[in-house]
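Chemist: Sequence:
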Amino acid sequence: MRLTTTLRSLATAAALFACAQAHAAFHLFTVNEVYSNSSGTLQFVEMTALAGGQQFTAGHTLVAIDVSGPKTFTLGLNLPGDTSQRRVLFGTSGIAAAFGVTPDYIIPNNFLGQNGGTVNWGEGSSTLDYPALPTDGTNSYSRGGTIAAATPQNFAGVIGHLVDGPATYQALWWASPAASESGWGVNVTHQGDIIFATWFTYDADGNPMWIILSRGDRTPGTQSFTGDLFRTTGPVFSSVPFTPSNVVATKVGTATFTFTSPTAGTFAYTLNGISQTKSIVRQEFSTPVPNCTAGGAAGTTPNYQALWWLEAESGWGMNIIHQGDIIFATWFTYDATGKGMWVILSRGDRTPGTQTFTGDLFRTRGNPFNSVPFVPSTVVPTKVGTATIAFSDAEHGSFNYTLDGVTQTKPITKQGFATPLSVCK
Numbered sequence: 397m398r399l400t401t402t403l404r405s406l407a408t409a410a411a412l413f414a415c416a417q418a419h420a421a422f423h424l425f426t427v428n429e430v431y432s433n434s435s436g437t438l439q440f441v442e443m444t445a446l447a448g449g450q451q452f453t454a455g456h457t458l459v460a461i462d463v464s465g466p467k468t469f470t471l472g473l474n475l476p477g478d479t480s481q482r483r484v485l486f487g488t489s490g491i492a493a494a495f496g497v498t499p500d501y502i503i504p505n506n507f508l509g510q511n512g513g514t515v516n517w518g519e520g521s522s523t524l525d526y527p528a529l530p531t532d533g534t535n536s537y538s539r540g541g542t543i544a545a546a547t548p549q550n551f552a553g554v555i556g557h558l559v560d561g562p563a564t565y566q567a568l569w570w571a572s573p574a575a576s577e578s579g580w581g582v583n584v585t586h587q588g589d590i591i592f593a594t595w596f597t598y599d600a601d602g603n604p605m606w607i608i609l610s611r612g613d614r615t616p617g618t619q620s621f622t623g624d625l626f627r628t629t630g631p632v633f634s635s636v637p638f639t640p641s642n643v644v645a646t647k648v649g650t651a652t653f654t655f656t657s658p659t660a661g662t663f664a665y666t667l668n669g670i671s672q673t674k675s676i677v678r679q680e681f682s683t684p685v686p687n688c689t690a691g692g693a694a695g696t697t698p699n700y701q702a703l704w705w706l707e708a709e710s711g712w713g714m715n716i717i718h719q720g721d722i723i724f725a726t727w728f729t730y731d732a733t734g735k736g737m738w739v740i741l742s743r744g745d746r747t748p749g750t751q752t753f754t755g756d757l758f759r760t761r762g763n764p765f766n767s768v769p770f771v772p773s774t775v776v777p778t779k780v781g782t783a784t785i786a787f788s789d790a791e792h793g794s795f796n797y798t799l800d801g802v803t804q805t806k807p808i809t810k811q812g813f814a815t816p817l818s819v820c821k
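When we follow my numbering, the leftmost residue of the sequence shown carries the number 397, and every step to the right adds one.
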């Protein structure tokens with residue numbers, strides 16, 4: 397009797413152990429959706445459970461493989477419950493604010509390769525090969541090749557959609573009242589709690605001068621942003637190659653921008669020991685004027701209002717303001733002596749039916765920045781070339797120009813330095 401009882405107990409224990417092993421599963425998922433924005437700061441991977449009992453994920457891996465090699469994320473915790481009819485969301489830290497859905501696991505920025513790759517779940521349990529991802533900020537890639545609006549879903553069943561955040565101050569600004577000091581301006585790029593401002597003005601000799609606020613940090617709880625001002629020298633615009641290490645930035649002052657609305661504010665600065673405060677307003681030259689928000693879905697038609705650059709040639713860039721079928725572009729670069737030089741495409745008209753904009757380039761002379769009053773009639777523009785900017789999507793384009801007899805073409809992309817990026821539409 398005792399032997400029979402013992403055998404029965406052993407059989408029961410073995411059955412329970414086998415049952416536990418069966419339920420300690422993790423592998424029955426399929427990777428079904430991947431997403432990235434242009435900077436890699438917003439990315440997610442979504443998986444769908446193919447069965448219940450797959451919640452034992454701790455210690456298993458999600459691997460992203462691209463031309464740079466594999467990146468491995470190891471899960472520290474199991475999922476919180478049974479997986480039947482559930483999804484699992486891996487996302488960067490900015491996904492919650494951008495989409496209104498909290499990822500189940502936080503992956504690093506730039507985990508996914510944007511130019512194509514493979515996602516591997518659970519040591520090969522499920523893989524998804526994907527081509528170059530859409531980086532318009534709106535669309536994702538799904539298994540089967542579908543490109544559509546991103547809809548990340550987490551384990552709790554919450555489905556995310558791009559959320560329009562508060563208004564940002566990404567725009568071209570000039571002195572108030574409008575046109576009262578026409579001839580200088582400030583382009584503000586606003587991402588997260590940081591602004592990057594490029595001030596286009598004139599030196600003591602009347603020559604064009606550009607000054608950057610490379611990082612204006614928000615004073616907590618306010619609409620004020622403060623940082624240091626820099627003036628740079630660098631390789632002449634036509635340099636091949638353009639060597640970023642030859643760009644030298646020198647601190648020349650400080651600045652504070654305080655905004656009272658998305659269309660008005662003040663610009664207080666000390667430059668070369670001279671302190672002034674200017675009332676500023678958003679410059680409007682065509683309709684519709686886009687509204688820019690912290691994150692959110694892109695508009696039905698692309699708007700290219702942003703800071704653009706060629707990443708491999710850090711040290712120069714272009715601010716593009718896009719209103720209606722016109723862009724106003726300010727190119728900050730360097731002349732033959734290495735001195736900072738700014739050139740404007742004051743009216744780039746759209747070629748009908750395309751995403752291409754063409755116009756004349758001008759260089760200007762004017763009043764020294766500290767002139768009181770600043771007299772717009774003394775600003776003298778001189779045509780120095782032509783430019784065509786063609787966009788392949790909301791994040792990428794090409795800049796073709798002839799300046800001072802030199803013709804070149806540069807690939808350009810939107811520059812991202814914080815999250816969320818401003819979305820203008």
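Take these hints with a grain of salt, some might be off.
[Unchecked claim] Here are the simulated DMTMM-like pairs of lysine to aspartate or glutamate, each with C-alpha atoms no more than 25 Å apart in a straight line:
no., residue 1, residue 2
1, Lys735, Asp532
2, Lys647, Asp589
3, Lys779, Asp532
4, Lys806, Asp532
5, Lys779, Asp624
6, Lys467, Asp532
7, Lys647, Glu680
8, Lys821, Glu709
Just so you know, these hints were derived from the structure itself, not from any lab.
Chemist: Of the hints given before, which are not true for this structure?
Modeler: Going through the list in order, the structure violates hints 1, 3, 5, 7 and 8 and respects the others.
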